[in-house]
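Here the protein sequences line up with chains A and B, keeping their order. Here the working numbering is used: the first residue of the first sequence is 281, the next is one more, and so on. Here the working numbering is used: the first residue of the second sequence is 115, the next is one more, and so on.
I should point out that these hints are in silico values taken from the structure, not numbers from a laboratory. For clarity, every value in this text was computed on a predicted model and none was experimentally measured. Where a beta carbon is used, it is the ideal one built from N, C-alpha and C, also for glycine. Be aware that one or more of the hints could be misleading.
For lysine to aspartate or glutamate, the following DMTMM-like pairs were computed, each having C-alpha atoms within a straight-line distance of at most 20 Å [to be verified]:
| # | chain 1 | residue 1 | chain 2 | residue 2 |
| --- | --- | --- | --- | --- |
| 1 | A | LYS642 | A | ASP702 |
| 2 | A | LYS642 | A | GLU626 |
| 3 | A | LYS642 | A | ASP703 |
| 4 | A | LYS642 | B | ASP189 |
| 5 | B | LYS134 | A | GLU634 |
| 6 | A | LYS642 | B | GLU198 |
| 7 | A | LYS642 | B | ASP156 |
| 8 | A | LYS541 | A | ASP569 |
| 9 | B | LYS134 | A | GLU626 |
| 10 | A | LYS549 | A | ASP569 |
| 11 | A | LYS519 | B | ASP156 |
| 12 | A | LYS519 | B | ASP193 |
| 13 | A | LYS549 | A | GLU580 |
| 14 | A | LYS377 | A | GLU577 |
| 15 | A | LYS519 | B | ASP189 |
| 16 | A | LYS368 | B | GLU198 |
| 17 | B | LYS134 | A | ASP609 |
| 18 | A | LYS541 | A | GLU577 |
| 19 | B | LYS134 | A | GLU640 |
Per the computed footprint, the stretches of chain A lying under chain B, defined by three or more beta-carbons under 8 Å from a beta-carbon of chain B, are [to be verified]:
| # | stretch |
| --- | --- |
| 20 | 521–533 |
| 21 | 592–601 |
| 22 | 619–631 |
| 23 | 662–670 |
| 24 | 680–689 |
One-sided and incomplete, this derived list gives chain B residues near chain A with beta-carbon spacing under 7 Å [to be verified]:
| # | residue |
| --- | --- |
| 25 | VAL162 |
| 26 | ALA169 |
| 27 | PRO179 |
| 28 | PRO181 |
| 29 | HIS192 |
| 30 | SER194 |
| 31 | PHE212 |
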Amino acid sequence: MDASTLITASATDLAAAIAGGEVSSVEVTRTHLDRIAAVDGVVHAFLSVDEEGALAQAAAVDARIAAGEQVGPLAGVPLALKDVLAQKGIPTTAGSKILEGWRPPYHATVTQRLLDAGIVILGKTNLDEFAMGSSTENSAYGPTNNPWDLTRVPGGSGGGSAAALAAFEAPLAIGTDTGGSIRQPAAFTGTVGVKPTYGGTSRYGQIALASSLDQPGPCGRTVLDTALLHEVIAGHDPKDQTSLDAPVPPVVAAARAGDVKGLRIGVVKELGGEGYAPEVEANFRATVDLLSGLGAEIVEVSCPHFEYALAAYYLILPSEASSNLARFDAMRYGLRLGDDGTRSTEQVMALSREAGFGAEVKRRIILGTYALSAGYRDAFYGSAQKVRTLVQQDFTAAFARADVLVSPTTPTAAFRLGERVDDPMAMYLNDLCTIPTNLAGNAAGSFPTGLTTDGLPIGFHVMAPHQADDRLYRVGAALERTLTDRWGGSLLDRVPVLAPTATTTEVTR
Amino acid sequence: MRSPDPRSSTVALSQDEVAKLAQLARIDLSPEELAHLAPQLDVILEAVARVTDVATDDVAPTSHPVPMTNVFRADEVHDSLPVEEVLAMAPDREDDRFRVPRILGEEQ
């Protein structure tokens, strides 16, 4: 395989080539590191690259294969890790100045499982600070650019992970999804992103944003790659109280089958219409027709409380975030300012948090403090928790009529950098379709289904009941197979060629 | 601050109120930030207050997407993280402990 084949190949094919001795993991890893060096100066998907560590991990996998050891289905394949997951000894910032230079003394469970599976971690990817955002413009280290159009956002908060895939800097990536932070960037970059059922993947070692909503998940360029990665990171973790002690759904088998014959697909009436870009709507309708043509049964379902989900989310998230982010108090780790002997602990905390947090984080912490303050807690936070009940009831009723639910992933395709930074409500509306799933805790994914006339990707959103994550992959694989035939290749074959440039990405070792 | 019933609120969230919230959250906001943030928070609060439209007394609140139960690990002795690794990232230390600024402020 030559360099261009190595960076465009699927993770599945790369793993087979590595296991078969056709190419070494070191060679595959080196090629991706070279690609990052060549293009990340304009994409800025990575916050740090662990060149030495990645090559050492790759060499270890090569040695295991040479010794005849049985390795996992993705062994030796490189991956980009969202910088909100702890990796021992590697800078982990959550996109924030308050954690600049912090090196965790332990691995997140997801990180540990990747390493155990022989997956090579190239580096840490950019994100909206503490995963708060829908554009990756809120990173303290500067925005990530969308490889499809460098003047546009890649989505958020996992814009770095999604952009790394679309820029062919990594064949696999990990994201985290609190209100759509895996699925919305997948839609904006023409890639696949899945939020597993809440509790299906461990949150241990993930820097918490909103504990009842956060969930790590797999990102890939193909449905099968994503399913294989899902299987690697999923499963019970005794270190996480919210981890489900249940078998991992058969996601890989579903991705290989890709059959939707007889599947009941529910179109959510409330997720469409006014406020949705006509091209996004048209693509969605065409995709539903395509699934119908493949033998799925289409039904319309109503989820009347979804229209309140966004409001409930923007009360629950800041409330939990204001509590979770209280740990960044300048006492045990992170930034500390003003400790000159003249100030109290409280004053040092306030100075450090003022300097260490960005505007969106401050906005949400203060909103959460307000929503939880005496006299307002019942009206705001309490009411939002009731909406959560109603949204869950909507899902239960809808899943009684349909096996999966579908909608556009986002109301529009990728917007321009800077376009919505001063209009929080316009920014928050990006997450309209993805948020109900986080409130209810069920599984959902985004799959690429076309381009706008401007050449920007459009995503198709599929939602499944709790612990029925395999159904997402059934639908995704059926779409991928049919659309790839129709397009004569992958959608990502059409991503503009990025001109090599000097990188600005920090190299950690 | 506003009335506890968000539906009846018509008063804008003032800069003084935002300053008080920032103090509670231990964030030392600048006057410029207060001026910028207060109207934005007001817009957000107006938009999210609509949760009260459907949050009637007969609806039970849900705090979590899955039922929560206490999980206890076995009461077994095992190694914790090495002290040196934990303190390696501390802003300041004294011997084997985190060193923090003085606890009491001017007023205590």
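Now the hints, each set against the structure:
For the suggested pair A:LYS642 and A:ASP702, the alpha carbons sit about 14 Å apart, so the restraint of at most 20 Å is met. For a cut-off of 20 Å, the pair hint linking A:LYS642 to A:GLU626 stands: about 17 Å separates their Cα positions. Between the alpha carbons of A:LYS642 and A:ASP703 the distance comes to roughly 15 Å, so the proposed pair stays at or under 20 Å and holds. Proximity of A:LYS642 to B:ASP189 is assessed by CA-CA distance (about 40 Å); at most 20 Å being required, the pair is judged violated.
Of the supplied pair hints, the one linking B:LYS134 and A:GLU634 holds, its CA atoms being roughly 14 Å apart against a limit of 20 Å. Restraint check for A:LYS642 and B:GLU198: the C-alpha separation of about 32 Å exceeds 20 Å, so the hint is violated. Restraint check for A:LYS642 and B:ASP156: satisfied, since their Cα atoms lie roughly 14 Å apart, inside the 20 Å limit. With a C-alpha separation of about 13 Å, the suggested pairing of A:LYS541 with A:ASP569 holds against the 20 Å cut-off.
About 15 Å separates the Cα atoms of B:LYS134 and A:GLU626, which keeps this hinted pair within 20 Å; it holds. Between A:LYS549 and A:ASP569 the alpha-carbon distance is near 16 Å, which keeps this suggested pair within the 20 Å criterion. With a C-alpha separation of about 39 Å, the suggested pair A:LYS519 and B:ASP156 falls outside the 20 Å cut-off, and the hint is violated. For the suggested pair A:LYS519 and B:ASP193, the alpha carbons sit about 15 Å apart, so the restraint of at most 20 Å is met.
Our distance criterion of 20 Å between C-alpha atoms is met by A:LYS549 and A:GLU580, whose separation comes to about 6 Å. Only pairs whose Cα atoms come within 20 Å are accepted, and A:LYS377 paired with A:GLU577 is rejected, the gap being roughly 50 Å. Straight-line distance between C-alpha atoms of A:LYS519 and B:ASP189 comes to about 14 Å, which keeps the hinted pair within the 20 Å bound. For the given pair, A:LYS368 sits about 14 Å from B:GLU198 by alpha-carbon distance, which is consistent with the 20 Å threshold.
Distance hint between B:LYS134 and A:ASP609 is fulfilled; the C-alpha atoms sit about 18 Å from each other, no more than 20 Å. Our distance criterion of 20 Å between C-alpha atoms is met by A:LYS541 and A:GLU577, whose separation comes to about 8 Å. Annotation: proposed proximity of B:LYS134 to A:GLU640 holds, straight-line Cα distance about 18 Å (limit 20 Å). Coverage of the stretch 521–533 of chain A by chain B holds. Counting CB-CB distances below 8 Å, 3 residues qualify, and the rule asks for three or more.
Here's how the stretch 592–601 of chain A fares: 3 of its residues keep a CB closer than 8 Å to some CB of chain B, so the rule of at least three is met and the hint holds. Counting residues of the stretch 619–631 of chain A whose beta-carbon sits less than 8 Å from any beta-carbon of chain B gives 11, enough to reach three: the coverage restraint holds. Check result for the stretch 662–670 of chain A against chain B: holds, 9 residues qualifying (beta carbon to beta carbon below 8 Å, three or more required). Here the stretch 680–689 of chain A counts 0 residues with a CB under 8 Å from a CB of chain B, which misses the bar of 3, and the coverage is violated.
Residue-level restraint check for B:VAL162 holds (minimum Cβ-Cβ distance to chain A is 4 Å; threshold 7 Å). For B:ALA169, the suggested interface contact is upheld, since its CB lies about 4 Å from the closest CB of chain A, less than 7 Å. The beta carbon of B:PRO179 comes within 2 Å of a beta carbon in chain A, closer than 7 Å, and the hint placing it at the interface holds. Because the smallest distance between the Cβ of B:PRO181 and any Cβ of chain A comes to about 10 Å, over 7 Å, the interface hint for this residue is violated.
Given hint, B:HIS192 at the interface with chain A, is violated; its Cβ is 13 Å from that chain's nearest Cβ, farther than 7 Å. Checking B:SER194 against chain A: minimum C-beta separation of about 11 Å lies over 7 Å; hint violated. A hinted interface residue such as B:PHE212 counts as satisfied when its beta carbon comes closer than 7 Å to some beta carbon of chain A; here the least separation is about 5 Å, so the hint holds.
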